[in-house]
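Given chain Y's structure and the hints, the job is docking chain G onto it.
What follows is the residue order along each chain.
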Amino acid sequence: MADSDVKALTDNIETPTFESTAFTKPPPLGEATVALVTTASLHHGDQEDFTPTDIGYRVLDGSRRDYQTGHWSPNFDAVGFAYDMNTVLPLDRLDELAASGVIGKVSEHHLSYSGNQFDLTGVRMDSGPAGAKWLKDQGVDIVLFTPI
Amino acid sequence: MCTRTVSTLAHVFEAAGLATIALGSQRNQIVNTAPPRGLWCDFPLGRPLGKPGDPEFQHRVLTAAFALLDATEPVFAEFEEAIIDDGSDVVSCALPPRSDPDAHPAIDEANGLRPAYDRAVAEHGNRIGAGRAIDADHIADAIDAFIRVMDGVAWKDAEIPGVPARVSQDIRGYYETALLGLVDHAPSAWSGTRWFLDETEAGKVILGARAQMKADDVKFPVWFYMAPGDR
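These protein sequence lines are chains Y and G, in that order. First residue of the first sequence? That's 5 in the working numbering, and the numbers climb one at a time after it. First residue of the second sequence? That's 7 in the working numbering, and the numbers climb one at a time after it.
Hints are supplied without guarantee of correctness; some may be wrong.
Said to hold, decoys possible - Simulated DEER-style distance windows between Cβ atoms:
hint	chain 1	residue 1	chain 2	residue 2	range
1	Y	109	G	163	48 to 58 Å
2	Y	55	G	83	40 to 50 Å
3	G	207	Y	133	40 to 50 Å
4	Y	32	G	103	57 to 67 Å
5	Y	143	G	228	37 to 47 Å
6	G	100	Y	25	47 to 57 Å
Stated by the list, open to error - Selected chain Y positions facing chain G (in silico; Cβ < 7 Å):
hint	residue
7	23
8	25
9	27
10	86
11	120
12	124
13	130
14	131
15	132
16	140
17	148
18	150
19	151
20	152
In case anyone wonders, no lab produced these hints; they're calculated from the structure. Please read these numbers as outputs of a predicted model, since none were measured by experiment. Note that CB positions come from ideal geometry on N, CA and C, so glycine has one too.
For reference, chain Y alone in the conformation it holds in the complex:
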């Protein structure tokens, strides 16, 4: 059992096509508000867990550190995240970058989706646009996406 064996299970999975690639010019990084969006199915313990076909997102409070994964896939190493949340959600690193002035500000909130989407229609047409609008309304300029 090796990482490459697990990756091979979905290496050639069908991917969506986009007629064009949107491209937004960001403000200078030193003035920008940065948020994280992960597909690790992270949530706080007092939030609803993810269901097997969950297309929704959870809002993560950046001032807390009690993130846990509700991912349904067994096909990833979870110990790295268990040892250090920054392996998946590098909030401490972003706080350090903000403190040193590399980035303007870390968003107070971040989002988490479930990555095991066999059909991407829901996140593409519904919860994706909703999550983007939510972060945009919070004043976020730049989003870093992390898979699991």
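Below, chain G alone, put in the same frame as chain Y:
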């Protein structure tokens, strides 16, 4: 699949007026989905920032990611360093000795790991451990149910306390969290899972129950997701 999902979401968020950077662990998925700014990090699945407990390395990844914001058109890049798991790295740690000779070895083992589990939760939090379907107090009961399956009881009659895949995730998470209470470092990628599946009695029970359910022609999703797909 997560790389495909983050890459898709990056397209959506970018179209909403946010500048995005997508990290990807699987090259084909990030190349084929082609997010506006994609950074392929050849790291094991589950570790998109590469190295747990290594802030310097994580900052290198973030520096490479944020550098993509300088691009004036869609861009794809590869991180300069790969982390490869070839399946050979194993965790070396001593499992607790038998304390109840009358108990099934897997149940005795799970009960014996509880102090390590509690230590790890106190130090790291409960990020992956029990709690999805069953809490830590009911791990032994869940293992007992899978022992019944392994011994030939139909899975629906075995009193598995939830969806089999979710319950087995809780057992694996309990063990992988307990592992952090037995070692003083971050285990290398997948070595904790290999330890659970190959070295522990509970891992053997999960794989045994899964094999029995497959042999009994139980529906594919019910048994398949009880363990990583390559097993």
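Check each numbered hint from earlier against the structure, then list the numbers of those it violates in ascending order. Of the numbered hints, 2, 7, 13, 14 do not hold.
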